[in-house]
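Chemist: As given, the protein sequences belong to chains A and B, one line each in that order.
In this text, residue positions in the first sequence follow our numbering: the first is 1328, and each later residue adds one.
In this text, residue positions in the second sequence follow our numbering: the first is 1328, and each later residue adds one.
The hints are simulated quantities; they were obtained by calculation from the structure and are not laboratory data.
Mixed in with the good hints, there may be bad ones.
To be verified - Simulated restraints on C-beta separations: (1) B:Pro1365 <-> A:Lys1760: 56 to 62 Å; (2) A:Gly1382 <-> B:Ala1749: 57 to 63 Å; (3) B:Ala1749 <-> A:Lys1587: 33 to 39 Å; (4) B:Ala1749 <-> A:Thr1471: 53 to 59 Å; (5) B:Glu1384 <-> A:Gly1514: 37 to 43 Å.
Beta carbons are placed, not taken as given, at the ideal position from N, Cα and C, and that holds for glycine.
Number of protein chains: 2
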Amino acid sequence: MQTFGDMPLLISSLLPADNGNFVPNEIVDAAGLRYGYPEFIRRIRKFANVLATLGVEQGETIAVLDWDSHLYLESYYAIPSMGCVLQTVNIRLSPEQVRYTISHAGAKTAIVHPEFVPFLQGEWKDGCPLERVILIGANDVGGTIPEGVTVHSDILTRIDDASADYVWPELDERATATRFYTSGTTGLPKAVFYSHRQIVLHTLAILATFGTSPVQGRLHKDDVYMPITPLFHAHAWGTPYAATLIGAKQVYPGRYVPEKLLRLIQDEGVTFSHCVASILQMLLDDPLAKEIDWKGRKMLIGGGPLPEGLARRALDTGMDIFSGYGMSETGPVQTINHLTTAELQQPMEEQVALRTRAGRPVVLCNIKAVSDDCAPLPVGVDGEIVFRSPWLTAAYADDAVASAELWAGSWLHSGDIGHFGADGALRITDRLKDVIKSGGEWISSQQLEGLISQVDGVSEVAVIGVPDEKWGERPLALIVPVAGAANCDKRVLDRLAELADAGVLPRYAVPETVKLVDGLARTSVGKLNKKVLRTLYGPKE
Amino acid sequence: MQTFGDMPLLISSLLPADNGNFVPNEIVDAAGLRYGYPEFIRRIRKFANVLATLGVEQGETIAVLDWDSHLYLESYYAIPSMGCVLQTVNIRLSPEQVRYTISHAGAKTAIVHPEFVPFLQGEWKDGCPLERVILIGANDVGGTIPEGVTVHSDILTRIDDASADYVWPELDERATATRFYTSGTTGLPKAVFYSHRQIVLHTLAILATFGTSPVQGRLHKDDVYMPITPLFHAHAWGTPYAATLIGAKQVYPGRYVPEKLLRLIQDEGVTFSHCVASILQMLLDDPLAKEIDWKGRKMLIGGGPLPEGLARRALDTGMDIFSGYGMSETGPVQTINHLTTAELQQPMEEQVALRTRAGRPVVLCNIKAVSDDCAPLPVGVDGEIVFRSPWLTAAYADDAVASAELWAGSWLHSGDIGHFGADGALRITDRLKDVIKSGGEWISSQQLEGLISQVDGVSEVAVIGVPDEKWGERPLALIVPVAGAANCDKRVLDRLAELADAGVLPRYAVPETVKLVDGLARTSVGKLNKKVLRTLYGPKE
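Based on the sequences and whatever the hints tell you, model everything.
Modeler: See the structure below:
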């Protein structure tokens, strides 16, 4: 029996004590609004009243399509706490895919930024489950919303006007709180889902891990937090829940525009943020980046490798850049790459290598590199990375085949290849499906990409495997040169030859050819889309 | 259904990843042993094998009677993880009370330091449930162990020799992991108990709270931790579990002897410790204390008020002293008094007042000051402090009456009087049963004690209420002067009059008389025993 001494782990408990009355910090929305924590907590209850008034019932799924707004943060709490499931819709997917995910989730309600209304207006191949659309803002809807769907305007005004009295229902901590879709490069998007309990434990565990780093990359109550990983993507790595629980100042940037993000970092004093490598690259490429004092600002890179070239560039600005690792399926955070005090004393060149590791396990996370038959591999030996922990998705919803594959042998399979070093830190060396098998040896496309990214004149790089009669596969390097850079391909090949001579790289890993290209295909979240690249640059059938 | 993506919260999961292989720190026992985390984790499994070999079965209660040793820390993990209940026996209780608690717990096994064997050799009024006694060390047992109890020698050698292969059984996270007895000043000791889940959540929450303090009182992986609150007392405030999970260096001091504790602090570089106020007083009184550089060493005071005089004295040494609040019944930690960055900039005199607060709620803790009918009181108004959180004892075991009183109105009642300030921090002003009711007003004995403790020449102080015909009750101050201090009583009365003139103290709170005494009665854990003091110095019946 649960009692008040053994309370369920619910998202409504992930708020500062006493309705936030004693939190000195604000929540800032780039659109111009800023308010204190007491108002934030009142707004969550008002939000629930608005939804209830419009007919939303406990157990429903509610889809949210928005940029990173204060409303989105409020929805993180209001929707699960009233016993509904928050579907964070990936608005980088194609409109057809967006409709597929809403159909698949069976969402009866969608809360929609006017910019994304057109997403709902195409053909619903799988049927439209929506009963109501609630617009953010008072804008008129152009085009046609499917018949039978009631359109309500202006949720912001409704929230302003609603009562702040709302008693959260009693919920099972294992009730589903959130659902979102992985933007896989193959097949249809797949649904992962998390319970209240899992989100509470993830929040506590990342705070315990971030907080107890001796020096580097620590998150604390005086930090100013801004996500640059969208709120639709794996709960923005769970960091909004963590920042809210400790009552930190938070900044929500709306749509990501480099200049706006940089101005917010400067003007609001952002000290802790996170993004994928390509976004940081974009930020540092903006002229405004040079005007910012980056010293000590913490930037967590995840959702893919942190290239050494980018790490060096960021360190040169004084930024405290580091990496983490996890997946949409894993909560998401599983490792954080905090440098130890001894590691921080290493020279810059060593630190570049250290800061690009995936990192050490978050508390309560059990992570292994395993062989094909799921046996654990020793330190230093590459294998597939698998997980057990209290906050992994139980399955892909309504997809028994993919779920069984995900959970083969009762470990969650990452599809990533990597190993633990003698320092206890995980290194990811490749995607299982991107690894290049050449003459019986594995070649890590990510290692090659990291090394090539550091050659002068290289802007972007991708390495893919192409079929080879003699070796099975050979690596092909695709390079986007910086504007005006000459002989980039030759310099890359020379540099790789040098690195092979120096023993940094196995000789069989040096590609024979480098191809200069204008751009590289990426997925909706900015990762290299190697499937497309292999189709484009592999053999023509 | 629980899966490997939603694993139960068990104490066996509160260990560093990968069997501690990558933890660079040691666990040190003052008796001379030191070992790394991999050895620690092996020893936990060996420990379980020893118990299983001696016939211990899942579900049994195992009593431990020891000083703060590495073995005790190992028992924190081995005993609950094999599905048994760890009873941490309060060896400061009288031998008769110790036997009562073992009887009441129904412990079949006791692991006993030779020094405490005599505790088991008196009369067992409530029957002796023990089937086996396992000695720490190879010493012979003098006297008689109750008939039918098998005595096994030398658990340490047995552990050394045991196999390290032991597979933890699958357990329900709500299974009881620990049990211990409150050393109440009235009646028989009462049993509180905690589940695996509660201990895991307490550990995560205190790490999240300690870790995210911006500057003051933070716990991190480079800290060197030593308990000076006994391991038998409320899991040493849960800090050994927290220190172990982050892989910090830990020092276990055995029996508390001031000189030994001070040498360990110096020689092992202890940076984070905790104790009750009277122990810190004793440490600072030792001549060796002056040789220690206290700067930045974090010292958490709990288990009773931190007197302002002691706070000032500790701050003068450079020590980072601060307080926390909780009870045996509450996990125990409920508030931690981290100073904010702004508060740290206050002058010393202000900081003394700030550092003696009880503090702000730990994450997930719901704490209120309430009126007699359990209604929440506004900021600044004294009332009884009550709790709800995920790690409160469900009841006093086998005591329905006391349990109902503890949980009246579905809040856990502290029996403490206090209020929240406008800074969100809790101040405890008195014990409900120690508060002095005079002429319809409440007088805080703790406020008076705090003020009197700061008068020159005062070594110890207690304020109690004594019956008064006109006012109902009046305060009486009992003072132990420092050796050679003259006119201590007059100086105290003069100072209190000044403070009343200055408005610091209500005029009705100034006692008419001060009594000089040789010493003050204390409980087994060093708290003032006001029940005894009222009997000694109140009216003779």
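Chemist: All the hints need checking, so say for each whether the structure fits it.
Modeler: Each hint, compared with the structure:
no.: 1; hint: B:Pro1365 <-> A:Lys1760: 56 to 62 Å; in the structure: violated, 35 Å
no.: 2; hint: A:Gly1382 <-> B:Ala1749: 57 to 63 Å; in the structure: violated, 42 Å
no.: 3; hint: B:Ala1749 <-> A:Lys1587: 33 to 39 Å; in the structure: holds, 37 Å
no.: 4; hint: B:Ala1749 <-> A:Thr1471: 53 to 59 Å; in the structure: holds, 55 Å
no.: 5; hint: B:Glu1384 <-> A:Gly1514: 37 to 43 Å; in the structure: violated, 51 Å
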